[in-house]
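Trainee: As a plain string of letters, each chain reads:
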Amino acid sequence: MERKSGETTVTRGGPDSDGAPRPSRIRARSAGPDELITLKHGAGGVPMRLLIEETLAAGYPERPVEGRGVEAMDDGAALRLPDGSWLVVTTDSHVVHPIRFPGGDIGRLAVAGTVNDLAMMGATEPLGLTCAVVVEEGFRRIELEAIQASMLEACREAGTTVITGDTKVMGRGEVDGLVINTAGVALASRIVTDDGLRPGDRILVTGTVGDHGIALMARRHELEFEEELLSDVAPINALVRGALAAGGDRIVAMKDPTRGGVASALHEMAEKSGVSIVIEEPTVPVRHAVRAAAEMLGLDPFHIANEGKALLGVRPDRAEAVLAALRAHPLGSEAAIIGTCAADHPGRLVLDTGLGRRLLTEPVGEPLPRIC
Amino acid sequence: MSALDGRPGAAVGVAGEAAELRFRDPARARELAGAIARVTEQVDHAPVSIMHVCGSHEQSIAKFGLRTLLPKGLDVIMGPGCPVCVTDVPEVDEAVALAQDGIRIASYGDMLKVPGSAGSLSDAQAKGARVDVVYSAAQAVELARDTDEDVVFFASGFETTAVATAAVVLADPPPNFSVLSAHKYIPPVMEIVAEMPGARVEGFLAAGHAATITGSAIFERFVERHGLPVVVAGFEPLDILAGLLRLTELVRDGEARVVNAFPRCVTPEGNRNAQEQMWRVFRTTGGRWRGIAHVPNGNLRLRDEFAHVDARRRFDIDVRRLWDHAPSQLTQVCLCGDIMAGIASPMDCPLFGKECVPDTPVGACMVSTEGTCRIWHMYGGHPDL
Chain A
31 MERKSGETTV
41 TRGGPDSDGA
51 PRPSRIRARS
61 AGPDELITLK
71 HGAGGVPMRL
81 LIEETLAAGY
91 PERPVEGRGV
101 EAMDDGAALR
111 LPDGSWLVVT
121 TDSHVVHPIR
131 FPGGDIGRLA
141 VAGTVNDLAM
151 MGATEPLGLT
161 CAVVVEEGFR
171 RIELEAIQAS
181 MLEACREAGT
191 TVITGDTKVM
201 GRGEVDGLVI
211 NTAGVALASR
221 IVTDDGLRPG
231 DRILVTGTVG
241 DHGIALMARR
251 HELEFEEELL
261 SDVAPINALV
271 RGALAAGGDR
281 IVAMKDPTRG
291 GVASALHEMA
301 EKSGVSIVIE
311 EPTVPVRHAV
321 RAAAEMLGLD
331 PFHIANEGKA
341 LLGVRPDRAE
351 AVLAALRAHP
361 LGSEAAIIGT
371 CAADHPGRLV
381 LDTGLGRRLL
391 TEPVGEPLPR
401 IC
Chain B
877 MSALDGRPGA
887 AVGVAGEAAE
897 LRFRDPARAR
907 ELAGAIARVT
917 EQVDHAPVSI
927 MHVCGSHEQS
937 IAKFGLRTLL
947 PKGLDVIMGP
957 GCPVCVTDVP
967 EVDEAVALAQ
977 DGIRIASYGD
987 MLKVPGSAGS
997 LSDAQAKGAR
1007 VDVVYSAAQA
1017 VELARDTDED
1027 VVFFASGFET
1037 TAVATAAVVL
1047 ADPPPNFSVL
1057 SAHKYIPPVM
1067 EIVAEMPGAR
1077 VEGFLAAGHA
1087 ATITGSAIFE
1097 RFVERHGLPV
1107 VVAGFEPLDI
1117 LAGLLRLTEL
1127 VRDGEARVVN
1137 AFPRCVTPEG
1147 NRNAQEQMWR
1157 VFRTTGGRWR
1167 GIAHVPNGNL
1177 RLRDEFAHVD
1187 ARRRFDIDVR
1197 RLWDHAPSQL
1207 TQVCLCGDIM
1217 AGIASPMDCP
1227 LFGKECVPDT
1237 PVGACMVSTE
1247 GTCRIWHMYG
1257 GHPDL
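Residue numbers (this note's numbering), protein chains in the order written: chain A, 31 to 402; chain B, 877 to 1261.
These are computed hints drawn from the structure, not numbers from a lab.
For each residue, glycine too, the CB sits at the ideal point set by N, CA and C.
Any given hint could be a false lead.
[As the list claims (entries may be wrong)] Each computed DMTMM-like pair below joins lysine to aspartate or glutamate, with the alpha-carbon atoms no more than 25 Å apart: (1) B/1003 x B/964; (2) B/1230 x A/183; (3) B/948 x B/917; (4) B/1230 x A/65; (5) B/1003 x A/84; (6) B/1003 x A/65; (7) B/1230 x A/166; (8) B/939 x A/382; (9) B/1003 x B/1192; (10) B/939 x A/325; (11) B/1230 x B/1192; (12) B/1003 x A/206; (13) B/939 x B/1192; (14) B/1003 x A/204; (15) B/939 x A/310; (16) B/948 x A/382; (17) B/939 x A/374; (18) B/1003 x A/64; (19) B/1230 x A/64; (20) B/948 x A/374.
[Stated by the list, open to error] Facing chain B, according to a computed beta carbon distance under 10 Å, are these residues of chain A, among others: (21) 66; (22) 69; (23) 76; (24) 200; (25) 204; (26) 326.
Make the full structure from the sequences, and use the hints.
Mentor: So, in structure tokens, the structure goes:
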């Protein structure tokens, strides 16, 4: 399945966290200038990554300071400060339909998304968030107040606050309801990237997978199950802080499996690290209702977005200790060790279903509704 | 909430776990695979080639990694079992032309990317056409009820979904609702594939869900004419393995008959009520299946008395304007037809995974999640893992 045409490699930018410059993996089937942007370019899979690598993140001048920037395509950027510590920055725009969904709303999502992106870089104590909102004329104030209240609640859970913001109101039809952008800043003494895996490393997930995306899709398609489907949206910086305390620098990679799900996140980690990951499917926690809904909708829980989970790559000797630390936190009670890195088939995910083995690929342009 | 450390098939929550274990039990699966291997060895030639004609079977086989369990001497080939894949260019063109004319189209998600002469419905949508993904015929009717504008349901699928389309047609849909039928009927194409030069199929695994409608007895005539065994099987891993075991036994014993290995859902006579509804609404007509051939009686079209719900008769669909677009050179290389006929595998195709990927499919087999190429691209086909 190698791709040949239009191959490019980006090496611009500073060295990454362990000091060695590493070309980011790009295998491109470049599209022509007539290509239109479609929903697949926002679905978190290969088309989206190519669009970013080839267009949105291309050509910027070098950073004035050492760090990890846009070329790394990580969860956020990290800039080295004169005292040797790291300033971690991330930004995320949020649009979701419906604006309120089982288990959360766009406000909670906007805070959790940014807090979690910082945490995935190893920065679990955010200094503050920015909040920019674009509101459509006719949006109800009472609804905006409810969303603000839920941002406030999520900030409390995360131990952070909003420090600056921006507000725009657009004419009717010029924006769809409400768009929220948040950015976050935090300091970290050590950063964790998403590409530090070696053969033998264990892969941990902090809880059940597929909850967020399936909850939204079930709501949209009006599917009901005995067990209520709830989004997992939550800030998990405290959970990650506990894991980092237990694992230290033996935690070598982290990523939150949002759009594109666990498959997309692990793929990116495997590809960037040059390893394969063998996943033992029976060990992956999936709620029964999520599995049932996914089968009904013809979807794979591994391809479904999560908004309160993390994937951790841990050196084998500390995997159990990190697992115990995760399970000690209420948001990590269903954490599990789900896989192991290997040297053969680099960049691939191999799924052992308990019955046989197959590849686990990234989602590509599924007709998925927009969910985050 | 139950704890789930390492338990096989760990599913959080209780309901349904027993069923899951029953049909996905790894130990039972290995026993069945062992039995299949022993029977296959008893056949006097290798490999034994059997064909299934259902994307859901291929999905299950690939998704659960069953090919890594099966003996090397058994070839399980996917035939023309994907209704989306065999939807021909002119049918897609009709939907695209309607969409370009501003008619709202509702269809199953898979249909959006099937390439026509001038792109797919998805391409039309990116250029402003209104296309809605629906999960059922009933949902398309609901769309029509919520609006005054015309809604055309671009309907695809075999007997299973044809029955659902028939049901909404019979349930007095709103006047702005109509159906553009690309429904296909599977029994005739089995005859075509069995008679194809180069075909080496020794038995068929028939699709359990379609047989819940048609009944297993519908295959009797086929068995009689072609002297090949047919086993009706379900879709859970153990259903498939049990079906394969029975089929390899029939091949070994040279016994041509129909066996129902999915009796918990399928009866010999099928769902009479559903059949009656389907044939009240639809008639068969010959037509091309993409990549396969002209299939006599292979297409389902609305009967005359339902002309008022038939988009082909309600609208003057002009597809000629789409013909200026020359089809891509690559389509000449595409092996979809041979793959669906079971005489080639995706690995034989020079485009597979290179020029032809799910994002930019050349052939229809790469479009649908039920298409062989798409499934192999997703799960790795015969992986050496």
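Trainee: Confirm or reject each hint.
Mentor: Do the hints match the structure? See the list:
Restraint check for residue 1003 of chain B and residue 964 of chain B: satisfied, since their Cα atoms lie roughly 22 Å apart, inside the 25 Å limit. Straight-line distance between C-alpha atoms of residue 1230 of chain B and residue 183 of chain A comes to about 48 Å, which puts the hinted pair past the 25 Å bound. A threshold of 25 Å between alpha carbons decides the hint, and for residue 948 of chain B with residue 917 of chain B the separation of about 10 Å falls inside it, so the pair holds. Taken as a hint, the residue 1230 of chain B and residue 65 of chain A pair is honoured in the structure, with Cα atoms around 19 Å apart against an allowance of 25 Å.
The straight-line distance between the Cα atoms of residue 1003 of chain B and residue 84 of chain A is roughly 23 Å, inside the 25 Å bound, and the hint therefore holds. Distance hint between residue 1003 of chain B and residue 65 of chain A is fulfilled; the C-alpha atoms sit about 11 Å from each other, no more than 25 Å. Under the criterion of a C-alpha separation no larger than 25 Å, the hint pairing residue 1230 of chain B with residue 166 of chain A is inconsistent with the structure, at around 43 Å. With a C-alpha separation of about 10 Å, the suggested pair residue 939 of chain B and residue 382 of chain A falls inside the 25 Å cut-off, and the hint holds.
In summary, the hint linking residue 1003 of chain B to residue 1192 of chain B is supported, as the alpha carbons are separated by about 22 Å, within the 25 Å threshold. A hinted pair counts as satisfied when its Cα atoms are at most 25 Å apart, and residue 939 of chain B with residue 325 of chain A qualifies at roughly 12 Å. With a C-alpha separation of about 39 Å, the suggested pairing of residue 1230 of chain B with residue 1192 of chain B is violated against the 25 Å cut-off. Between residue 1003 of chain B and residue 206 of chain A, the direct Cα distance comes to roughly 19 Å. Compliance with the 25 Å bound is thereby established for this hinted pair.
In summary, the hint linking residue 939 of chain B to residue 1192 of chain B is not supported, as the alpha carbons are separated by about 43 Å, beyond the 25 Å threshold. Note on residue 1003 of chain B and residue 204 of chain A: the hinted pairing holds, with a Cα-Cα distance of about 18 Å set against a maximum of 25 Å. Among the hinted pairs, residue 939 of chain B with residue 310 of chain A is consistent with the structure: their alpha-carbon atoms are about 14 Å apart, no more than 25 Å. For the hint linking residue 948 of chain B to residue 382 of chain A, the alpha-carbon distance of about 19 Å falls within 25 Å, and the restraint holds.
For a cut-off of 25 Å, the pair hint linking residue 939 of chain B to residue 374 of chain A stands: about 21 Å separates their Cα positions. Of the supplied pair hints, the one linking residue 1003 of chain B and residue 64 of chain A holds, its CA atoms being roughly 12 Å apart against a limit of 25 Å. For a cut-off of 25 Å, the pair hint linking residue 1230 of chain B to residue 64 of chain A stands: about 21 Å separates their Cα positions. For the suggested pair residue 948 of chain B and residue 374 of chain A, the alpha carbons sit about 23 Å apart, so the restraint of at most 25 Å is met.
Proximity of residue 66 of chain A to chain B holds as hinted, the smallest CB-CB distance being about 5 Å (cut-off 10 Å). A least Cβ separation of about 9 Å between residue 69 of chain A and chain B falls short of the 10 Å threshold, and the interface hint therefore holds. The beta carbon of residue 76 of chain A is positioned within 10 Å of a beta carbon in chain B (closest approach about 7 Å), and the interface hint is therefore held. With a least beta-carbon distance of about 21 Å to chain B, the hint placing residue 200 of chain A at the interface is violated under the 10 Å criterion.
Violation of the interface hint for residue 204 of chain A is found here, the shortest Cβ-Cβ separation to chain B being roughly 17 Å, above the 10 Å cut-off. Nearest Cβ of chain B to the Cβ of residue 326 of chain A: about 8 Å, under the 10 Å cut. The hint holds.
Of the numbered hints listed earlier, those contradicted by the structure are 2, 7, 11, 13, 24, 25.
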